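Chemist: Chain A is fixed; fit chain B onto it per the hints.
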Amino acid sequence: MGLELDRIQVEKAFIEEEPYYLPVGNEVEVFTAAYKNRLPVMLKGPTGCGKTRFVQHMAYRLGRPLITVACHDDLTASDLVGRYLIRGGDTVWVDGPLTEAVKLGAICYLDEIVEARKDTTVVIHPLTDDRRILPIEKLGRVLKAPPEFMLVISYNPGYQSLLKNLKHSTRQRFVAIEFTFPPRRLEVEIVAHESGVDRATAEALVTLGEQIRNLKDKGLEEPASTRLLVYAGQLIKTGVEPRLACEVALCGPIADEPEIQRAIRELISTVF
Amino acid sequence: MALWRRLAGRVGLAIGSAARQIRHPTLHLRQVEKVLTLFAAGFSGLDLAIKPFRPKPGPSAYTDTATIYLPETVAEFPEPELNFGLYKLMVTYQCAQLRYGTLEFDGFFDEFDDPELALDLYTVLEHQRVEARLLRDYRGLRPLIEACRADAARKRPALKNLTPKQQVVEALVRAGLHLEVDGLNRGAAAAWERARRVLAQASDPEALAVHTRALTRFIYAEAAALPGRYGRVRPVHYRGEIRPDRVADIRRTRQQAPQPATVHLAPDLGDFEVKTPLHRTRPVDHLVVRPERVLVRPDRRERGALAPDASDHVVIADLTIPEQISQVTLTEADRYGAVLYPEWHYQLQAYLPEWCALRDRPLPKGRPQYVEEVLARYHGLAVTLRRQFEALRQDPKKLRRQPEGEEVDVDAVVEALADLRAGLSPRENWYATKRTRRRDIAVAFLVDLSGSSGGWLPNGRRIIDVEKEALILLCEALQVLDDRYAIFGFTSSTRRQCDFFTVKGFNEAYDETIKARLAGLDTFSYTRMGPAIRHATRLLAALDAKVRLLLLITDGKPNDFDGYTGAYAVEDTRQALLEAAQAQVRTFCLTIDSQARQYMPWMFGEGRYTVVDNVTTLPVRLPNLYRVLTSS
Chain A
1 MGLELDRIQV EKAFIEEEPY YLPVGNEVEV FTAAYKNRLP VMLKGPTGCG
51 KTRFVQHMAY RLGRPLITVA CHDDLTASDL VGRYLIRGGD TVWVDGPLTE
101 AVKLGAICYL DEIVEARKDT TVVIHPLTDD RRILPIEKLG RVLKAPPEFM
151 LVISYNPGYQ SLLKNLKHST RQRFVAIEFT FPPRRLEVEI VAHESGVDRA
201 TAEALVTLGE QIRNLKDKGL EEPASTRLLV YAGQLIKTGV EPRLACEVAL
251 CGPIADEPEI QRAIRELIST VF
Chain B
1001 MALWRRLAGR VGLAIGSAAR QIRHPTLHLR QVEKVLTLFA AGFSGLDLAI
1051 KPFRPKPGPS AYTDTATIYL PETVAEFPEP ELNFGLYKLM VTYQCAQLRY
1101 GTLEFDGFFD EFDDPELALD LYTVLEHQRV EARLLRDYRG LRPLIEACRA
1151 DAARKRPALK NLTPKQQVVE ALVRAGLHLE VDGLNRGAAA AWERARRVLA
1201 QASDPEALAV HTRALTRFIY AEAAALPGRY GRVRPVHYRG EIRPDRVADI
1251 RRTRQQAPQP ATVHLAPDLG DFEVKTPLHR TRPVDHLVVR PERVLVRPDR
1301 RERGALAPDA SDHVVIADLT IPEQISQVTL TEADRYGAVL YPEWHYQLQA
1351 YLPEWCALRD RPLPKGRPQY VEEVLARYHG LAVTLRRQFE ALRQDPKKLR
1401 RQPEGEEVDV DAVVEALADL RAGLSPRENW YATKRTRRRD IAVAFLVDLS
1451 GSSGGWLPNG RRIIDVEKEA LILLCEALQV LDDRYAIFGF TSSTRRQCDF
1501 FTVKGFNEAY DETIKARLAG LDTFSYTRMG PAIRHATRLL AALDAKVRLL
1551 LLITDGKPND FDGYTGAYAV EDTRQALLEA AQAQVRTFCL TIDSQARQYM
1601 PWMFGEGRYT VVDNVTTLPV RLPNLYRVLT SS
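If you read the protein sequences in the order shown, they are chains A and B.
Take the first sequence: its letter number 123 is residue 123 in my numbering, and every next letter is one higher.
When you read off a place in the second sequence, starting at 1, and then add 1000, the result is the number in my numbering.
Don't read these hints as lab results, they were simulated from the structure.
Remember, it's a predicted structure, so these values are computed and weren't measured experimentally.
Mixed in with the good hints there might be a few duds.
Said to hold, decoys possible - Examples of chain B residues toward chain A, derived with CB under 10 angstroms:
no. : residue
1   : L1144
2   : V1328
3   : L1330
4   : D1411
5   : R1421
6   : G1605
7   : D1613
All C-beta atoms in this analysis are idealised placements derived from N, C-alpha and C, irrespective of residue type, glycine included.
Chain A extracted, bound-state conformation (with noise of 0.2 angstroms):
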């Protein structure tokens, strides 16, 4: 029983230092007008691009603490609001990292949501209009969320399987804020902030990272995330050779037909 619930990742923090992001365009302003209207909101984006250290950072900037569910397909509605355990000879009831939201006026972030299981999207529907309220069946209870609970989920339109797509009902209640990578001059900050790398390598590492990127749709399904970027970045920060770095962290993770491989390798060594 204590397996099932581990499986289900909760982070729940105030989060005490300023996560470092920089923002692209108005997500910052749209986010924080979309927390004073109580209105949900959905990031959108390929993986690897920033979407949840935007929540952290906005977390942080509102002052929220932060919930973090990593959605998996086999998180189901008691898995989110909670469930009966039992403790002794009794039967005690445990919040589900939802419920707890809803109690301490967190932000609620709902990690690829896709994944999870269908039914489970309807749980959060009544949360997402403007009754904002949780219904706890086995409880019989209704809990009404403060003013400063936020819904955040994530969803990556890039996903391939049809099953799994966001339906319709539950789109149409988010306000959605788009993810791309950064543009080159953000990227490259990026990159250097996160890795401690030098200027150089950043802008190096940003140079192979669009090079990649020109792959997309040629046998690449996923480009090159500035996730990665900063990856090889900290490899190359802790003295691995750099192109030995660039292949472990942006080559292996993202293909894996032999002709896309050498590609990427061949870009790797005219960059570095």
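Modeler: Just chain B now, with coordinates in the frame of chain A:
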């Protein structure tokens, strides 16, 4: 043998020009073409093809801005990786020329009495600039550039046998390759002295092509004054050549791309007379648009001709209509026995009612052994795919709160205990069981059987053959699943004849008949996607399934010869796909058109298509795609 070659190579290096007589291992372009194409796409961000050519007198490369031409083989080095490196550097230089503005020289060479001399000077100077910039921006290239530069330097001709003009150009080449310049005759030496001073300016990575043109004029003035004729010097292999003629050819073809005809419609009754500047060279002075063919908004979709009332017409000025749209009419014979589908006219934002006549056609049967042969050839793959598909089926899910099952559902028991404490009567579904969830998927594979699928591949087979193999492997793999599936083919020759073939219906079992039809699949004429998608959607929508999927397999854009081209065809196809979405049919496209990125995101939507570059991998890609698309 390999050792001998390596040794011979080293000796060859040591004795200079004799190296060319020693046979180095040969690298064929076809072995590395795919990697180089990907590399070019990544490096430049442009869609560039790679094709072989036979350069004379030595290896070289050039680009016409659409394609990079490389030697069929390279055998300059004893080390295979350096031969590949030479190919890679050639591609890098050609891409760099495109990115750094080298080829934007409209009319520049017309300024000169001797354009060949000017071109060679421009080439040397511009390549100095490109190389300086590459070395600055791509530190990884340095060892490769140095190796190729040293090799190119060894292969330069001696100065003394050249004419004075050639000597000036060759001196520049030599200096660029870090070679000594001596043995110039007197006139050439004086010109070279002055030219040498500006060479440093050409090698400034911050410089632009316009600076190179200024330097070219300066040195040209020096060199052109020398006596004798000018014959072109050999290109430096890794830097390649500049071919203004080929660049101009491509520019011309691009400009000649068909322009849509502009038709001005007047609000008068009767025939509209319109002046149309039509594309290509064919002058057409009038295009008559008759009222019954004037496009109608959906809410006025009456049958037959319109009432002769101006208010019934959709009248739009500056309307662009594909030329031939008004030239093909549906006769009664065309309509007889056909299913009529509307077509979307995007400029009118309206449907053309009953526009396309679609018919179910029988397929010829193929050789019965064909399927067995394919399976024998792909035996290993077939087994792997089957296993992978079995994994889809066996994906067991824990079903909770069951009245019976192999394990206890602790949550349910806890709840029951809680209910008991509270004095309620507990429900008795305390068990959990593992059971396969029904996939409940219906899928239609819609295969483009247009003539272009009959195109030949380098391995001597046709695209359609590989598509057939992919379909056969897919069918075999699907045997292990309960998914309902159908395979359809389509082709068209104008809106009068949209043909639809049923290779396998939803309710047909995969048996000998189906196998014979698969074997008999062949290519026909054009690709009118709209009606085929609408028809397949209709068939899918009639099924009761949780997930309905339409998977289109094509080799290019929608296209038919009665004006169903360009934006018109793309927009109609897109509309048909939107209709499918409305009918709860999900769509996905597998295309082998390398240009697909230009229209697919708009037509099918981002993430709703995939491009298979290497057609020969289709037998792996198609079943895998299906697996990914339908995995939960």
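Chemist: If a hint holds in the structure, say so; if it doesn't, say that too.
Modeler: Structure-based check of each hint:
no., hint, in the structure
1, L1144, "holds (8 angstroms)"
2, V1328, "violated (35 angstroms)"
3, L1330, "violated (36 angstroms)"
4, D1411, "holds (6 angstroms)"
5, R1421, "holds (7 angstroms)"
6, G1605, "holds (9 angstroms)"
7, D1613, "holds (6 angstroms)"
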